[in-house]
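Mind docking chain B on chain A? Use the hints.
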Amino acid sequence: MKSLSCLAGVAALAVALVPVAAGAQAVVGSPAPAFTATDSHGQTHSLTEYRGKYVVLEWHNHDCPYTKKHYASGNMQSLQKEWTTKGVVWFTVISSAPGQQGYVTDSEENAYLDQMHAVPTAVLMDPEGKLGHLFSAKTTPEMYVIDPEGKLIYEGAIDDHATPDVSDIKGADNYLNDALMESMSGKPVAHAYTRSYGCSVKYAN
Amino acid sequence: MRRFRLICALIAAFAAVPLAFAASNSADVAHLRVQLVFPNQNLNTGAPANAGLYFKLESGWHVYWENAGDSGEPPHIQWTLPAGVTASAMQFPAPQRLPLGPLMDFGYENEVLFPFTVKAAAPAKPGSFVLHAKVDWLVCREVCIPGKAELDQNVNVVSGAPVVDLTSPSDQELWNRLANAIPRALPSSDTAIFQPMPSGFRLAVTTGQRETQAAFFPEDEDVLDNPAPQTVTPTATGLILDLKKDANLTKIPAQMNGVLELAGGRNYEIAATPGTVAAPPAAPAFSFAALASTVFFAFLGGLLLNLMPCVFPVLFLKGLALVQSGAEERHKLRAHGLVYTMGILVSFWALVGLLLGLRAAGATLGWGFQFQSPIFLLVLAGLLFFFGLSLAGQFEIGLTLTSAGGSLAAKQDYMGSFFTGVLAVIVATPCTAPFMGAAIGYALAQPAAVTFAIFTALALGLAAPYVALTLQPAWTRMLPKPGVWMEILKQAVSVPIFGTVIWLTWVVAEAYGANLLLALLSIFLLLAIAGWFLGRWPAQRWATLVAVLLLLTALAACITAPRELAEAPSEKSALTSVGAARGAWQPWSTDGVQRALAAGQPVFVDFTASWCLSCQVNERVALSQPEVMQAFGERNVALFKADWTREDPAITQALTALGRSGVPVYALYSPGQSDPQLLPQVLTPGIVLDAINKLPTGAATPVSAVSSKQQ
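Here the protein sequences line up with chains A and B, keeping their order. The numbering used here applies: residue 2 is where the first sequence begins, and numbers increase by one. The numbering used here applies: residue 3 is where the second sequence begins, and numbers increase by one.
Chain B with its partners taken away, still in its complex shape:
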């Protein structure tokens, strides 16, 4: 029994912990390379020399920060040094949050350097020595593998100028590139205080500027609930961060120690002292002036929506109906206008109600979210296709726009007006026109009553042109008299409708693959057959029945096909929406942006979706233009594309943080500044070039400035 245990222990010791013996300063082991970094192997007596422990990790694997979070262990180093030589403790760069199911770890991916200093003093005599380091670490992806290595570093102790140059360019490069990730002390002009709250802590930090992004990494374990989201409230001179405490925390710490990571790759060492934090403005203080101006902008945005390519065909149809109604009495015209307005209002309210409800339920959604549902895409494409068939003359539907007079028909007309309004809203949503983005961002954060007021203004704006026509008979008289031309026009309108169908079909193919495209085309075929029955045998009960059955089959296909046939999202689809210069764009991630900023690069983020027409237009006419791409290249701007075609909570959150809830959004970050510059939602090459040219010159941190940090 005892022998069995001993054998087991030995097996475990060797199997579980792959030990790398190396008489060199580096070791390649499972999932990583570990190396001692000595930019200069000459140690001048009395002067501390820069050194570091470097890990190069396989993609997806990470090692840990000094507080590893919910699980994990930081790397350790244990020295055997010649007499007189001392090594300082390793410093830890600012980590990143590594979510793992319900848990949250803190650590590093890709590569990391832990700097330290080595000093030789008496009794160390000039000559060459070996510094022996025992290093251990835990490297994890989904699974964890502990590792160990013994590393030997040759150094030469000198007093005065060294005889032989022992600088290592590759180590110098590593040190210069990575050692500046160490958090700096908070400048003495800035303050950090914390106040215990019932569920955690409220941390207030001043930096002299408004901070919109922050993450706090607690140095002490078991103080904070690590996975809990940290809520940032920007203040005029800094930020307030709401942190949730560990459920088992019984004693309030005397100090809140840790690292605060801010936008632009700025990291500070924080030692917050207890104090009273002024309550952050819970919601933006309600101001009537702000509300009035937002309502005005919402109305203006609604007006502009009428000109959007998505809405224009619908408006065109409405105008057509107006010509036909021109013969009717004034009050009927007004009634139509009001019913159309009601259609728009009701659908806006329904959408907003749904959005608020889902938001309350915890889902992070944004404007245009309905286009992220393949079922919605299929139903809308099918509906428009069927509508187009009717307009083109294949058959007449009950809500036909040419039906005249009579109380029954008039009722149907009201139905028609109402649903035209509904349709206008549904197709308008992806064209988040200028003003809309800000208005919606503002509205969704307000009490429900204010939100509804704003969306009502938006709806009224959308309805206004048509209502104006119905209220001003003088203008209606200028419209041509009904005649055969109406039939021709009606058929002509089917062209833009089919155009919209083509666009939706492309969105489906782009986002969900060829199989779902096949399903959609088959749905079109079913609809065409249904239309044929309705057109060939009009008003026949059996033919209508067949058509209804076909329509139901098509609807069932819309609902079931996405589950069966939709392809998983691929990296490819995230990038193919850029026509040109595909290689220049990287898929967006907060880490990617932070890393680029930390490296001193300005960053441009294109928040886009393939169902967003204005996004496609902007990408083609502005972003992919050679002169724009060249300017991006010259200023070394890192380009990120955040593809919101499918639901992506991370992108939704990023949009919310920017005060927007829909695409397109274009954000230009420069290193060291917390707020990005937001570009307009309609881009020209000139707008983008101006913004690039206004980037502060020398934004890139000079790398050489870093190495002088040691005293």
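The following block holds chain A by itself, in its conformation from the complex:
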């Protein structure tokens, strides 16, 4: 009797925990989920508009020490400059919920861009975490690359030195550069999925 009801309890738990079917999720090698989002100037962007171009998504939190590493050193800005001049669309995405670390208003973000000389195509404001959940973004910084056919070809860390130290940028293998260069020269992306490092994305709890 006891063991039966115990088993029954476990089975009940199993039933209760069956996850609710989620919508399309980002998986490397598959088409990236379609999205529409508003940037820090109030303009909307949808992924389908950029078919035919490479799209980079960069998850961002200006107060995260790992993000600071790449901005204070100017590393992220030079990547943005390099790739946007080559026609790549670069979206910085902010998924911090209001009240959480890294949450900014449109004007604060625009001031930050000026101050840091950051040049993404646009900064997508995602305080509800919709875009973050769609792509299962876990950390800041975390990078995604979508190819001209709309396929997700890279997800993960910006490079292979998982530290907050500026001195570790030099000599790191930059996975973002690798993915874009390999794909543009018609090669498969060697490291298509890596463990991203950094602070957790500050979603609403």
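Everything labelled a hint here was simulated from the structure, so no lab data went into it. Incorrect hints may have been included.
Claimed, not checked - Rough simulated footprint, nothing fancy, chain B against chain A, three-plus residues with beta-carbon under 8 Å:
| no. | region |
| --- | --- |
| 1 | 27-33 |
| 2 | 52-66 |
| 3 | 137-149 |
| 4 | 160-172 |
Claimed, not checked - Using 30 Å as the maximum straight-line C-alpha spacing, the simulated DSSO-like pairs for lysine-lysine come out as follows:
| no. | chain 1 | residue 1 | chain 2 | residue 2 |
| --- | --- | --- | --- | --- |
| 5 | B | 246 | A | 131 |
| 6 | A | 171 | A | 82 |
| 7 | A | 171 | A | 87 |
| 8 | B | 246 | A | 152 |
All of these numbers come straight from a predicted model, not from anything done at the bench. Note that CB positions come from ideal geometry on N, CA and C, so glycine has one too.
Positioned in the frame of chain A, the structure of chain B alone reads:
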């Protein structure tokens, strides 16, 4: 521009990473203290010596396991050592799951020790040396702060017996207390295999005993979907664990490596090899015998419910109605009994339907959940108060029990019988009588048809005494003839009704604070005024209208007040429900229980709620008795109180894991055993003392046994 970048880089380097320079073996930095632990600073050449890196964390902050999960970084240590001295890699104790919104990290809170060994061999010569360690870590709460420290440890290399004793008692204490949290190798008699499934992996581990609780921590990153719940299915000799894979995993790993944490603080290093896992029994195999016995117990439980203090007043009223119906014909009596039964059945079915529906929708609820809604509490208290006023004689309501004969009145009587049944069910639910807990736990896991069969048995049990009376006219004849005494009795019955109102009022005050209590008392006032209108000007349309308006206002207040006035739950309320020995009880958490068990302490968990009368009674007559508290103290039992007064998914899950869906539940865990002993739902000091005395002696792991683990 270049200079700007350089300055920024320098600022970042210093501002983002607080660096602690210390010519000592410890450093106090933001949110933590980090320290090298050397129980003995004499290093005997050729023999590895125990050492560790220790973190003491501020409450709420954590550092990470070697696989940090969705975010985070484990601590690192980099040595500068004299020639001939080597340090082994740090070992990581079993972590805990650290949920963070939709993400899941693995790490440590409060304190953690990462053990390693240091060995001196040729060309190291006897003498004193400094071991220099560069340590870095990431410490997080909601935000993350990377940290670094340089630590220096003095050691003395000796060959043979040391001249000076260099043992450090405080380091020894830390090492002995914490180094045993390192997962052990799975005994060679036990096996671990995994089978890839469409959505993940099925991991089967044998340990020689039934395992009901487990958590698997993957050593490799990006193999599992970290936040996904892990479903445990106990088997006779171990368990089966269903794990969800990372959506981006393309290659099935050749081995599934990680740490398996089991009940009682047991941790094993797992290296599962691919194989075929026998499918776990999806649901307990349907057995007619089991069903029949459960249905029988459910019926018995229903019968017993009649004697519960929550139901008895209702039954009393029913008996009263029966006396009045005694003059009627037999078939009418039977009809009343059937209608009453229908009232009970319909409300049980409605409740179960609701519960199953909500469960399917993903909410984890349990029996008695309706008492976790302040709106329900207010409505029920108001309803009973209004009912009490009527019984006490302030006014007569349409469903009055004294109305006699006539087809119209008879119809109203059927309504009355029906709603008496409904009321009996509503007030019975918090008194989860013996047998009920197991029956409900079993029922909720069954296919809907079986569940309804069981609840029907429960309902029939509750209705049985009254139905028996209506079917046996012989028994009815023994009941006294109607008369003036009925009016007196009716008024007397208002006393237990008001008693119930007092109890509900206390529950509201206890769980939601003085402001909501004020709202409830004001609702009572509105009801009293409505009752006054009905009683002073009976059958006047305008008076009825005024009363109805007042009642609607009261109902609106019931619905809106909780949102405006209910207080947030406080730590205080979790503990005040224990009358005595408040300090001995800690608020329950899975981690707390696991930690106590890991430290070798037996654990007693009191699953309770302030709306649960039997819980209060048990706490007063058994748990808070001096001899019981003393016995708990003597056996060093860690006492936890899981307060389910408000909805708490963690407690609901824990109850489900124990096969129960309501309170009270009393669980006694002893270290090293996976299944707790469940005590009966009606406690006496003797029952508790017996259970404590039966705890295996020497349950506490002798701490000294641990230090001999190094080879």
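Cross-check of the supplied hints:
no., hint, verdict
1, 27-33, "holds (count 4)"
2, 52-66, "holds (count 3)"
3, 137-149, "holds (count 3)"
4, 160-172, "holds (count 6)"
5, B/246 with A/131, "22 Å, holds"
6, A/171 with A/82, "18 Å, holds"
7, A/171 with A/87, "23 Å, holds"
8, B/246 with A/152, "24 Å, holds"
This entry satisfies every hint, going by the numbered hints stated previously.
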